[in-house]
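*Asks:* Taken in order, these protein sequences are the chains called A and B.
Heads up: the first sequence at position 6 corresponds to 6 in this note's numbering, and the numbers run straight through without jumps.
Heads up: the second sequence at position 173 corresponds to 173 in this note's numbering, and the numbers run straight through without jumps.
Some hints could be false.
To be verified - Below, a list of computed lysine-lysine pairs in the DSS-like style, where the Cα atoms sit at most 27 angstroms apart:
id, chain 1, residue 1, chain 2, residue 2
1, A, 41, A, 51
2, B, 328, A, 29
3, B, 106, B, 281
4, B, 327, A, 29
5, A, 101, A, 155
6, A, 174, A, 155
To be clear, the hints were calculated from the coordinates, so they are not data collected in a lab.
These numbers were taken from a predicted model, which means no experiment stands behind them.
What follows is the residue order along each chain.
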Amino acid sequence: MQSLTSRAKAVERSPMTFLEQLYLWNILKGMFITFLHIFKKQPTIRYPEQKREFSRVFRGLHVLNRDSEGRENCTACGLCAVACPAEAITMEAAERLDSEKHLYREEKYAAKYEINMLRCIFCGLCEEACPKDAIYLSETFTPADFARKNFIYNKSDLLIPHRINQAEELSAAKGL
Amino acid sequence: MNILVIDWLIFAEKLVLIAVIIFSSLGVALYTTFAERKVAAILQDRPGPNRAGPFGLLQPLADGVKLFTKEEIIPNAANKFLFILGPGLAMTAALMTCAVVPWGNKLELFGRTIALQIADINIGILYVFAVVSMGVYGIMIGGWASNNKFSLMAALRGASQAISYELAMGMSLISLLFLTGSLSLKTIVEQQINNSHFWNIIYQPVGFIIFFICALAECNRTPFDLPEAENELNFGYHQEYSSMKLGFYLFSEYINMFISSAIMATMFFGGYDMPFVDESKFDPNIAAIIGIVALMVKVVIFIFVFMWIRWTIPRFRYDQLMDLGWKKLLPLALANMLITAFFILLQSNPIKF
Chain A
1 MQSLTSRAKA VERSPMTFLE QLYLWNILKG MFITFLHIFK KQPTIRYPEQ
51 KREFSRVFRG LHVLNRDSEG RENCTACGLC AVACPAEAIT MEAAERLDSE
101 KHLYREEKYA AKYEINMLRC IFCGLCEEAC PKDAIYLSET FTPADFARKN
151 FIYNKSDLLI PHRINQAEEL SAAKGL
Chain B
1 MNILVIDWLI FAEKLVLIAV IIFSSLGVAL YTTFAERKVA AILQDRPGPN
51 RAGPFGLLQP LADGVKLFTK EEIIPNAANK FLFILGPGLA MTAALMTCAV
101 VPWGNKLELF GRTIALQIAD INIGILYVFA VVSMGVYGIM IGGWASNNKF
151 SLMAALRGAS QAISYELAMG MSLISLLFLT GSLSLKTIVE QQINNSHFWN
201 IIYQPVGFII FFICALAECN RTPFDLPEAE NELNFGYHQE YSSMKLGFYL
251 FSEYINMFIS SAIMATMFFG GYDMPFVDES KFDPNIAAII GIVALMVKVV
301 IFIFVFMWIR WTIPRFRYDQ LMDLGWKKLL PLALANMLIT AFFILLQSNP
351 IKF
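Isolated chain A, as found in the complex (with noise of 0.2 angstroms):
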């Protein structure tokens, strides 16, 4: 018959030479083989000490964005929610008052705005549905808690510190 592929080998069934039949010698050789894994690299990165670069594109947890003038990009459009393929994101909208104006950009913005950090995927859907750039995915990557509900993150999880009156918190958050 023809085999399927190039690479196919035949089964070798030749009886085993003496060598083969003491077992001693091919344990040797298996010996060798391990006793040679010592000098190698190690591909382990040392986790907390140590981290792996992340490609440009990596999702990570969400931030809510802030504009140039530290206003908050949401305009709860529920596009997010709707795109979020685990169902993870809710949000509850608001209608913006005359003295709010420098606290969000639209006339509409998101009064509560919940994550799910149990159920997300870091699919990175709402990121792209988003119409408003305002949600995004960082590269932080390790939520850690001792209970589940910690694990829904609100606005004050999620929203970027302010350019201006949080500066300290905004250099934390990016790592500087």
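Position chain B against the provided structure of chain A, taking the given hints into account.
*Replies:* Structure of chain B alone, referenced to chain A:
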């Protein structure tokens, strides 16, 4: 009147020696668990445990604390007395073997000569065999008392394996004993230190290989770790054990490894003999310390080889194990014995043509 006078100093001296040896073998076993994990990791291109302390050196302490603080579970259906006796026996048997190993030559302290051996008995090797085969009771009783099919299967395997391999082990040693003419480990070492005499491995290479393979089987190390075959028997005879009783079983395995390494080094590799160095030129204390270090280096090398084998070879199938023991090693040991005997006879009665 003074028939029953005991030299209390000897008593105290031996007591200290026993304490030192037992605690150091426990310490060595502790760090062998760490070394095992490190060696495994390095052979598999991993860094291994490195979180607890510098280079992970405190890892065994963390493991010990963990084992001590774990909940102790005794199954309802288990025989409580035997269940507790099992790990105790395993540990005792493992520790008792170190009594006859000469750890070094004599130390001279406070005007006294202290032999670095707990007991130099003239049937040393027989003692070792007797105690090592007692170790099987630990496995057997533990497996039986757990009242669990897997544990019982493992205990059966362990017992039959130990019995099968002890035969070949004894046979391989008989040919060595032909050469030495003594069962005392101290005498065997002194013979090897003698300059006109090489280490016994030169005279008995086949005997050593058989002994080494059997030692692997006696210590339940891969490729003979059938009593604790994880994938077939759910960890075998110590499946029902938890907390420090499990720790005792694991520990006794490592102590067994340490002691059998020491015995192999003593019988085939010159014991506390430092190669290419004439110890008699030095001050006896310095010579003794050099001897201890030399023995320890040999032991460490052996332990490394044990681990190296473990992380290289897969486990035997049970019938292969019995095949190897009864059909290969035992005849080989017998042949080795006969050939040795023949040559010894030839040497003592030269044939005149």
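*Asks:* State for each hint whether it applies.
*Replies:* Status of each hint after checking the structure:
no.	hint	verdict
1	A:41 <-> A:51	holds (18 angstroms)
2	B:328 <-> A:29	holds (21 angstroms)
3	B:106 <-> B:281	holds (14 angstroms)
4	B:327 <-> A:29	holds (24 angstroms)
5	A:101 <-> A:155	holds (18 angstroms)
6	A:174 <-> A:155	holds (18 angstroms)
Going through the hint list in order, the structure satisfies each hint without exception.
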